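Here are the chains, one letter per residue:
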Amino acid sequence: AQTVTQSQPEMSVQEAETVTLSCTYDTSESDYYLFWYKQPPSRQMILVIRQEAYKQQNATENRFSVNFQKAAKSFSLKISDSQLGDAAMYFCAYRSDLGETSGSRLTFGEGTQLTVNP
Amino acid sequence: ETGVTQTPRHLVMGMTNKKSLKCEQHLGHNAMYWYKQSAKKPLELMFVYNFKEQTENNSVPSRFSPECPNSSHLFLHLHTLQPEDSALYLCASSQEGASVTQYFGPGTRLTVL
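Residue numbers (my numbering), protein chains in the order written: chain A, 27 to 144; chain B, 41 to 153.
Hints are supplied without guarantee of correctness; some may be wrong.
Derived, one-sided and incomplete: chain B residues facing chain A with beta-carbon distance under 8 Å [to be verified]:
no., residue
1, 95
2, 96
3, 134
Treat the hints as calculated values from the structure; they're not laboratory data. Every value quoted in this text rests on a predicted model; they were computed, and no experiment measured them. Glycine residues also receive a C-beta, built at the ideal position from the N, C-alpha and C atoms.
Pulled out of the complex, with its shape left as it was, chain B reads as follows:
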């Protein structure tokens, strides 16, 4: 599945580091999403972008900062994270107003030391 790509696939960072996760969709969709998947918890929606505008921030701490420069790219900037932020971060995209199905990338496995 190459419709939605994510880089890096694995990331280890210290609590004082700054890093960014990248997502790119090749499906021509108009909406993009960040989800967090922690061990033994259901997937949690973090952010929604529709036509490059952020439309949902699901009470996410400010140490997570999303950026959507265009409808194909989505970033998640990370700074001063905590060990409990270690998780799988999944990006998804959809064509709202049409098929509405969300298609997911392979995820970035983040470990915060």
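In isolation and in its complexed conformation, chain A is listed as follows:
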């Protein structure tokens, strides 16, 4: 079974600075997807970024980028120019395919609470 580990329960960053959130995972599969979601106080789970394992290029979405190290099974999230609105719980997730017509499963880490200080 896949496992996802986020070793930083809490992180803080000054507004306009850069912060990196860590995530490691364990899998025997060669093709998979990884995601970062954020969950602000509203509890809405919002997609931040996704990475397909067969793509060597790291995904980027505006101020958000990942450092995907497939051999090390590491998937960190870098937030540049941090804004107050970035404050949230961030979850790393691994997608497992349940079969051709069976949907998929997301396995989540325990989350990292990010505080942005003005």
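Fit chain B to the supplied structure of chain A, relying on the hints for placement.
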């Protein structure tokens, strides 16, 4: 975000009550999911429906009963719940075979007294 909606947003129920949670997706997706988020625990997958057929039941107790009448609607029927079932219940949907990203609703905060 209105792609996936959930009602009610908050629910308080006694252990002998019967209630239902509703999820609706407006994204044209073919798969829908129920997740449970308890305090200090990672999100746990409960059920998966693909093309209206249940394809995964993650050892969920029978007091939780899902229903998927069509590819846009998903229900979670609740009966004789326990206080430890109090949690945030999140619905998600995805287009399997295409973008595969799961999009979440705002959740239902359930309290069992």
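Should the interface hint for residue 134(B) be scored as holding, given a Cβ-Cβ cut-off of 8 Å against chain A?
7 Å, holds
Should the hint that residue 95(B) touches chain A count as held when the rule is a Cβ pair under 8 Å?
4 Å, holds
Verify the interface restraint on residue 96(B): the C-beta must sit less than 8 Å from at least one C-beta of chain A.
6 Å, holds
Of the numbered hints listed earlier, not one is contradicted by the structure.
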